[in-house]
Amino acid sequence: MKKLICIVCPIGCHLEIDAQHNVTGNRCKRGIGYAIEEVTRPTRMVTTTVRLLSQEHPRLSVKTSKPLPKEAIFRLMAALESLTVNPPVYMHQVIMRDFEGLGVDIIATRTIPG
Amino acid sequence: MYDFIIIGGGVTGALIARTLSRYQVKVCLLEKESDIGNHATLANSAIIHAGFDPEPGTLKARLGVRGNAMYETLHKELHVPLLRTGAYVVARHEDDVAILNALYERALKNGVEGAKLLSGEQARKLEPALHRNSVKVLDLPSTKVTYPWEVALSALENAVSNGVEYRLEAEVVGIVRTDKVYAVTLANGHALKSKAIINAAGAFADKVAGMIETHVPYKITPRRGEYLVLDKSVRGFVERVLYPVPTEKGKGVLVVPQVHGNILLGPTSEFQDSPSAVTNHQADLSMIRQAASTLAEAIPFDKVIRTFAGVRATSSAKDFYIRQSLEHRGFYHVAGIDSPGLTAAPAIAEYVVETLIKQDYDLESNPDFNPYGMQYPHFHEASLAKKRQMIAENPAFGNIVCKCERVTEAEVLMHIHRPCGGHSVKAIKKRARAGSGLCQGGYCEGTVVKLLARELKQPLETIDYYRKDTPILMAETKVKR
Amino acid sequence: MKTDLLVIGGGAAGIAAALEASAQGLEVLLLERDTQLGGILNQCIHNGFGLHVFKEELTGPEYAERFIHMFHDKDIAYKLNTTVLDIRKEDAGFVVSASSLQEGWLELECRAIMLASGCYERTRGQIQLPGDRPKGVMPAGSAQRYLNMDGYLVGKDVFILGSGDIGLIMARRMKLEGANVHGVAEIMPHSNGLTRNIVQCLHDYDIPLFLSHTVTDIRGKDRLEGVTIQQVDENWKPISGTDKHFSVDTLLLSVGLVPDTMVFESLDIAMHPVTKGAVVDQHYQTSIPGIFACGNALHVHDLVDYVTEESRRAGRAAARYVKGLSVRQKRLALNSGANIHYTLPQYIDTADFNGVISCMFRVTKKAEQGEFVIRQGDRIIQRKKARFLAPAEMEQLDLDQTMLSDHETPLTLDFEVIRP
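Chains as they are written, first to last, in this note's numbering: chain R, 1 to 114; chain P, 115 to 595; chain B, 596 to 1015.
Since the hints were made in silico from the structure, they are not lab data. Please read these numbers as outputs of a predicted model, since none were measured by experiment. Incorrect hints may have been included.
What the hints assert, rightly or not - Label-pair distances were calculated between CB atoms; the ranges are:
#, chain 1, residue 1, chain 2, residue 2, range
1, B, Lys980, P, Thr576, 57 to 63 Å
2, P, Pro360, B, Phe841, 40 to 46 Å
3, R, Arg97, P, Glu575, 29 to 35 Å
C-beta atoms are modelled at their ideal positions from N, C-alpha and C, and glycine is treated no differently.
Isolated chain R, as found in the complex (with noise of 0.2 Å):
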């Protein structure tokens, strides 16, 4: 039996699962897929800025467009440090695909005009 917090929205349900997987304490269905997930392989959403080339928003913010591998972070991290972007940006836009082949993009979070 292991104890978790489910991160999936901001209610935080007390989750127990099982050896088996049976999970118990969620309020949504969501959190069982969470705790499964966390035991086997945990990922995380990542919210960062990428360098952008404008006087007045220097950076832009960006998001992954799904959870990424927890172990993956600090090296996504480092892949975007050399990272520039130009204006105009439009939200949703992909800043960087596929990062290292785990399906993951880099996706900007917000609307910067040329």
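Given the coordinates of chain R, work out where chains P and B should sit on it, guided by the hints.
Okay, now just chains P and B, sitting in the frame of chain R:
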């Protein structure tokens, strides 16, 4: 070769510089910090005392009363802010009354104008927040409040416009006298020569004196004072400065309305070894709350926006120690300037120049001396018509940088570029008040950093908070490591 | 030209209120002091926004951009770089003084005002933290802006005081950007942040959380050199011998937010001692008819979704006021009773008492389960069971007006803890 080097850019040094600039002499003021007035001048109670406290016949009594009167002239000439508050010295139980009566006698002897005794009841009618236990009150209508740091700045700036030189980050590390000439060595290795030296180094005065005197006639025992600052939204909580009856430890914890609308509570009084440490202590801050609560009812402590501490240059001489060295002609000590030092400062400067220096040197008047300082507008205090005119002439007056204190971009730029301009975030805060309000720079600090970088043509990460190597922005992100 | 509703602030609250008032047919003008709309959302680049409003999880900038799109689609008038400095009451409304670099001094007439100016961060001075006063002690939100908007770290070795969400989020952000985050201290025995932020911001990066601890000393001459934390007893007094020292160059403060009501300074508006915002009725109307407030300028929210929902209600209420459909009559107090920190609204206006009132409130202590009870006099008029309660999380209860027994007796909300 200078005629005079002034060591120390506090309010005393700055006013001496200005007084000397009335004469045809070559003067240089040396300040070890990156901005002037960073020690006692910045962190004190801001009161121009009436002169009820010092023992009659002392320099403190004489120069205090004279200094108080001179602030009216400074206000006219240098536009230093002056709040004519008056003050109450409050006896809070019957034991205090005898002391209060004696203080009244002393005030009369010292020539304090308008001093009179009131019953607690009479006083509370005029000052409703006064504590209900107040039994008798000494009313001192000549007490005023100023912004001490601005006194130093405008005095120095006026001196500079009249020919005085000044150097920042110029810490004196050695003084030698040969053939009637003083050679002053700075920490950066530079050497300056002067015919005379004025030691106005505040809490460091004995250290500076020790560089040349075989016997230093006084010792500075730094005395820390801690304060609480209430937000300007409490303006009017008290109209007057409230003092308790003083003890041998000093004037005690006061309630002091400030020129910008805040109210100051403090100071404490604790001796410490360091002449520069300005640490706040939990116990001292609690003591202030407790002591202030015996002077005024229902102090809105939830409006505290800041705490700070200052160091007074208390000396073993008890009185101010202002005289020429017994060993070295032309070396003047202006030391032990603790309370009422701010009050006395203009009179100290006058005494040093007109009495002490003139005994030894023939000073020729400077025919070009202009006593008037620059006036820097405060946008938010202007009338609506004036505001519109100011914006029409300079659109940057329309851009509010600090919304708590309502400081505009134009004012920030003016205070960067004025003759004694500020080049750090704190230096701008002291000059323009950006960051002095409720949010303490939370909203405007970033804007001030960017304006400084733009105007000084420096990268953002080199803009310091106050001293050298205190940048707000430590490292840029997204730089390949 | 006289505007119907002047909205002060172009963040989540101001935009939602403006959109709603405009949808009700009002002529709206919104003033924003920054160079762009979106307010604090622009610097909150993390996700967790929008679960209630959009049923999906967005980052701050995404949430803002959706609303900014809607705002522009409606062609609502607005001015950027414009700071409101004063409000004056005039016969048929108000005159708002504002100033900007582009337009200079403005005197704007309006019938009603919506304050949506957000909040500011409590500072070191306000919590009277003792110690030296070097550079390097900074509110977490300021550091967030420097990091996410300007691209600068304010320090490389960081300690954080206060476990509010901004503090937790910044612990992770600073860590991701290469800083060493030594720990987070929280004076309360529980965190003030969302549990999931404890997990994904602290646990994920092995950042220790010291509950019932506070910073008791700050050391450093020019720059911060270190902080000392100590455990506190049940009266929040530091316990001697529990000192822990951290060598850090930065202390971030996440010690609370306070509604920014500075533009109310020259008006005599009743303020609430707990929320530090204006006292309002269910129409979000302050003690001065025609002046409304919503969002973090009214009381500090934990979720932007709640800000949006509240501001929409406020925008609707302002529209009814401007159209003359809602004239204040009698105000019944809704008092905070047992275990309730504050309620919002604090008054119920018996005029225009239309249907259900959304009451927001916070409890004063953590509880597994309990019951909220609203009484009018001795009579219970509403009750609701609830689980997993914490002071950090805002609760909501819909009060049905038909349950009121009269329009005279004040109401009280109690939280009754149920022992397991």
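Taking the hints in turn, this is what the structure says about them:
| no. | hint | verdict |
| --- | --- | --- |
| 1 | B:Lys980 with P:Thr576: 57 to 63 Å | 59 Å, holds |
| 2 | P:Pro360 with B:Phe841: 40 to 46 Å | 42 Å, holds |
| 3 | R:Arg97 with P:Glu575: 29 to 35 Å | 33 Å, holds |
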